[in-house]
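Undergrad: Assemble the whole structure, with the sequences as input and the hints as a guide.
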Amino acid sequence: MDRVAVIGVGQTKYEKGKRETFSELVYEVVTRALEDAGITIDDVDNIVSVSSDFWDGRTISSMAIQDAVGAFGKDITTVEGDGTFGAMYGAMRILSGNFGVGLIVAHHKGTESSMSGITNTSFDPLVERRLGLDAVTSAALQARRYMDRWGILEEQIAPVSVKNHGNAKRNPLAMLPMDITVEDVMNSPMISTPLKKLDCSAPTDGACALILAAQHEAKQLSTHDKRVWLNGVGHCSDAFHLGDRDLSDTRALKEAARTAYAMAGLEPSDIDLAEVYDAFTYMELMWLEGLGFCDDGMGAEYLERGVFDFGGKLPVNPSGGRLSANPVQVAGLACMAECVLQLREEAGERQVEGAKTALAHGINGMCGQAHCVWILGK
Amino acid sequence: MADWKDEVEEIVFDGKICVPYSWTVGSTLSKWYGMMRDNAEIWANRCPSCEMVFVPPRKKCIYCYKDMNDWVKLAGTGVLETYTVVQHPEPGVYPKEPPFVYGIVKMDGADTGLVHFIEGVEPDKVKSGMRVEAVMSKEREGNFMDIECFRPIE
Ligand SMILES: [Zn+2]
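Protein chains in written order, with our numbering: chain A, 6 to 383; chain B, 25 to 178.
Honestly, the hints are just simulated from the structure, not real lab data. Note that the Cβ used here is the ideal one computed from N, Cα and C, for glycine as well. There may be inaccurate statements among the hints.
Under the rule of at most 16 angstroms between Cα atoms (straight-line distance), these lysine to aspartate or glutamate pairs were calculated in the EDC-like manner [said to hold, decoys possible]:
no.: 1; chain 1: B; residue 1: Lys97; chain 2: B; residue 2: Asp135
no.: 2; chain 1: B; residue 1: Lys149; chain 2: B; residue 2: Glu178
no.: 3; chain 1: A; residue 1: Lys174; chain 2: A; residue 2: Asp184
no.: 4; chain 1: B; residue 1: Lys130; chain 2: A; residue 2: Asp251
no.: 5; chain 1: B; residue 1: Lys40; chain 2: A; residue 2: Asp58
no.: 6; chain 1: A; residue 1: Lys231; chain 2: A; residue 2: Glu350
no.: 7; chain 1: A; residue 1: Lys202; chain 2: B; residue 2: Glu114
no.: 8; chain 1: A; residue 1: Lys361; chain 2: A; residue 2: Asp251
no.: 9; chain 1: A; residue 1: Lys202; chain 2: A; residue 2: Glu188
no.: 10; chain 1: A; residue 1: Lys259; chain 2: A; residue 2: Asp300
no.: 11; chain 1: A; residue 1: Lys383; chain 2: A; residue 2: Asp275
no.: 12; chain 1: A; residue 1: Lys174; chain 2: A; residue 2: Glu354
no.: 13; chain 1: A; residue 1: Lys231; chain 2: A; residue 2: Asp47
no.: 14; chain 1: B; residue 1: Lys83; chain 2: B; residue 2: Asp94
no.: 15; chain 1: A; residue 1: Lys21; chain 2: A; residue 2: Glu117
no.: 16; chain 1: B; residue 1: Lys29; chain 2: A; residue 2: Glu25
no.: 17; chain 1: A; residue 1: Lys202; chain 2: A; residue 2: Asp189
no.: 18; chain 1: B; residue 1: Lys97; chain 2: B; residue 2: Glu75
no.: 19; chain 1: B; residue 1: Lys83; chain 2: A; residue 2: Asp249
no.: 20; chain 1: A; residue 1: Lys202; chain 2: A; residue 2: Glu160
no.: 21; chain 1: B; residue 1: Lys29; chain 2: A; residue 2: Asp249
no.: 22; chain 1: B; residue 1: Lys162; chain 2: B; residue 2: Glu178
no.: 23; chain 1: B; residue 1: Lys84; chain 2: A; residue 2: Asp189
no.: 24; chain 1: A; residue 1: Lys18; chain 2: B; residue 2: Asp27
no.: 25; chain 1: B; residue 1: Lys55; chain 2: B; residue 2: Glu114
no.: 26; chain 1: B; residue 1: Lys151; chain 2: A; residue 2: Asp153
no.: 27; chain 1: B; residue 1: Lys120; chain 2: B; residue 2: Glu172
no.: 28; chain 1: A; residue 1: Lys21; chain 2: B; residue 2: Asp27
no.: 29; chain 1: A; residue 1: Lys361; chain 2: A; residue 2: Glu272
no.: 30; chain 1: B; residue 1: Lys40; chain 2: A; residue 2: Glu188
no.: 31; chain 1: B; residue 1: Lys130; chain 2: B; residue 2: Glu157
no.: 32; chain 1: B; residue 1: Lys130; chain 2: A; residue 2: Asp249
no.: 33; chain 1: B; residue 1: Lys40; chain 2: A; residue 2: Asp61
no.: 34; chain 1: B; residue 1: Lys97; chain 2: B; residue 2: Glu146
Derived contacts from chain B toward chain A, CB cut-off under 10 angstroms, selection only [stated by the list, open to error]:
no.: 35; residue: Lys29
no.: 36; residue: Tyr45
no.: 37; residue: Ser51
no.: 38; residue: Gln111
no.: 39; residue: Glu114
no.: 40; residue: Gly116
TA: Here it is as structure tokens:
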């Protein structure tokens with residue numbers, strides 16, 4: 006099978022209250038990604054644009070930024086979901102043999118609208134939507150279930166926030182670099198038990214673009230030090246209704262991870278760093294378990310031992326993670342961008358020494374209904 | 025922050041999208057809500073293949089993809105599988121003032137959980153594993169709020 010490489014990345018700074026329009030954010034990241042790859046928009050033969058209509062406040066939001074992605078006269082297709090799913094679609098298009106160079110772009114503004122109102126509309130209008138459930142209250146139901154099942158205390162999930170906000174201090178693109186303690190997390194206002202303010206990510210604005218290329222084009226257009234290979238990918242979805250799942254179970258993630266590791270011919274122990282979707286503290290631990298980095302229920306203990314610290318055996322979210330910037334649809338693509346920078350040894354102060362293989366993870370749907378796992382290599 | 029604001033005075037538009045919908049709830053949920061409204065009963069349906077019992081009822085089993093025509097009446101009792109005490113207000117989204125409690129109840133006789141409000145108990149006394157029962161609304165209109173909440177069984 007042909008291989009697909011990432012040959013360029015572009016990101017905005019992630020922050021709240023950005024004063025640029027959606028198109029302006031997209032112009033910014035596409036321009037950066039093209040410059041990073043050393044190519045022009047004419048070299049790009051297809052585009053995948055990722056967005057969400059409710060967040061943008063318009064229908065067919067992905068089409069509205071077409072001028073900004075340089076799609077005029079080109080083949081463009083759209084994804085509503087996390088950026089990792091857009092990347093998967095883009096890689097599949099290249100592997101079909103019909104395309105050589107693809108641009109994957111995601112944009113999001115969380116601070117121009119209402120996170121609660123928008124995520125409430127993802128619930129079934131025929132059943133539980135009128136309860137008023139939203140992203141944080143449903144996550145809280147999952148957190149309680151996970152913590153009850155494994156006997157995990159609030160003090161044991163709080164260090165995820167301490168670690169990731171601390172990591173963000175080394176990332177100039179992160180929104181919330183902070184020096185905090187477990188006590189600060191524990192004393193932050195309760196949002197929905199057991200989740201406190203510092204257990205939750207905050208609305209964020211930003212955009213990210215990746216340029217993918219088939220092996221032949223990658224070698225023609227790009228140099229060795231700029232190329233990062235997409236060696237494995239897996240995707241799997243769980244049931245839609247929260248009550249149909251045991252919310253402490255990561256069966257969909259396990260399946261996605263199994264597929265990705267098998268495609269890459271690797272095991273969890275081969276991964277040098279991971280960027281996972283930590284929209285909430287407890288999620289990072291659950292997903293690390295589902296990804297096979299430790300047994301189910303053991304995430305908190307590994308975290309306490311420092312395994313997932315920046316200087317640990319497996320640095321997790323060296324970028325600062327979603328807890329430090331969560332541009333929802335962009336988030337998983339930002340995970341991939343961080344992995345690319347790390348593997349190119351361009352991660353500056355947060356460079357994980359000798360990183361050869363990295364894992365990026367994105368989710369879609371409430372409480373991690375669907376997962377996409379990427380394994381990237383130098 | 026954007027540097028263009030030094031030179032240009034920014035203009036911001038406020039917006040709101042209000043679009044009406046009339047969603048059919050379909051054959052399966054129409055039957056379910058009808059029995060709630062008319063008889064104050066909560067029903068579920070069973071997969072003929074794996075025998076999983078689903079509440080709310082489904083047209084097809086999510087595991088076997090088989091039609092589910094075998095309906096069973098639930099007693100209305102169950103176990104609280106997980107819960108959260110909502111402390112932060114979200115006017116216009118949350119229909120109640122905090123603190124209030126959401127829970128997922130595994131109803132006796134069913135294999136899936138039902139998300140709903142947990143009431144009739146101090147929020148800080150709610151615990152996973154509690155036995156609870158459904159409280160049906162006095163005025164029932166054929167929707168999910170015909171179940172008012174679940175409350176602990178004395
Ligand atoms: Zn079945």
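Undergrad: Evaluate each hint against the coordinates.
TA: Okay, the hints, checked on the actual structure:
1. Lys97(B) - Asp135(B): Roughly 13 angstroms between the alpha carbons, so the hint for Lys97(B) and Asp135(B) holds.
2. Lys149(B) - Glu178(B): holds, 13 angstroms
3. Lys174(A) - Asp184(A): Since the Cα atoms of Lys174(A) and Asp184(A) sit roughly 8 angstroms apart, the hinted pair holds (cutoff 16 angstroms).
4. Lys130(B) - Asp251(A): Holds, at about 11 angstroms.
5. Lys40(B) - Asp58(A): holds, 13 angstroms
6. Lys231(A) - Glu350(A): holds, 10 angstroms
7. Lys202(A) - Glu114(B): holds, 14 angstroms
8. Lys361(A) - Asp251(A): violated, 35 angstroms
9. Lys202(A) - Glu188(A): holds, 13 angstroms
10. Lys259(A) - Asp300(A): Satisfied, since the Cα-Cα distance of roughly 12 angstroms is no more than 16 angstroms.
11. Lys383(A) - Asp275(A): Roughly 13 angstroms separates the two Cα atoms, so the pair holds.
12. Lys174(A) - Glu354(A): Within the cut-off at roughly 9 angstroms; holds.
13. Lys231(A) - Asp47(A): violated, 19 angstroms
14. Lys83(B) - Asp94(B): Holds: Lys83(B) and Asp94(B) sit about 11 angstroms apart, inside 16 angstroms.
15. Lys21(A) - Glu117(A): Status holds; Cα separation ~9 angstroms.
16. Lys29(B) - Glu25(A): holds, 10 angstroms
17. Lys202(A) - Asp189(A): With a Cα-Cα distance of about 10 angstroms, the restraint between Lys202(A) and Asp189(A) holds, given a limit of 16 angstroms.
18. Lys97(B) - Glu75(B): holds, 15 angstroms
19. Lys83(B) - Asp249(A): At roughly 14 angstroms apart (the allowed maximum being 16 angstroms), Asp249(A) and Lys83(B) satisfy the hint.
20. Lys202(A) - Glu160(A): Distance ~14 angstroms between Lys202(A) and Glu160(A) Cα, so the pair holds.
21. Lys29(B) - Asp249(A): violated, 49 angstroms
22. Lys162(B) - Glu178(B): Not satisfied, since the Cα-Cα distance of roughly 21 angstroms exceeds 16 angstroms.
23. Lys84(B) - Asp189(A): Given that 16 angstroms is the threshold and the Cα spacing comes to 48 angstroms, the pair is violated.
24. Lys18(A) - Asp27(B): holds, 13 angstroms
25. Lys55(B) - Glu114(B): violated, 33 angstroms
26. Lys151(B) - Asp153(A): holds, 10 angstroms
27. Lys120(B) - Glu172(B): holds, 12 angstroms
28. Lys21(A) - Asp27(B): holds, 15 angstroms
29. Lys361(A) - Glu272(A): Given that 16 angstroms is the threshold and the Cα spacing comes to 14 angstroms, the pair holds.
30. Lys40(B) - Glu188(A): violated, 39 angstroms
31. Lys130(B) - Glu157(B): Holds, at about 11 angstroms.
32. Lys130(B) - Asp249(A): Distance ~10 angstroms between Lys130(B) and Asp249(A) Cα, so the pair holds.
33. Lys40(B) - Asp61(A): holds, 11 angstroms
34. Lys97(B) - Glu146(B): violated, 30 angstroms
35. Lys29: Given a least distance of 6 angstroms, the restraint on Lys29(B) holds.
36. Tyr45: holds, 8 angstroms
37. Ser51: With a closest approach of 12 angstroms, the Ser51(B) hint is violated.
38. Gln111: holds, 4 angstroms
39. Glu114: holds, 4 angstroms
40. Gly116: holds, 7 angstroms
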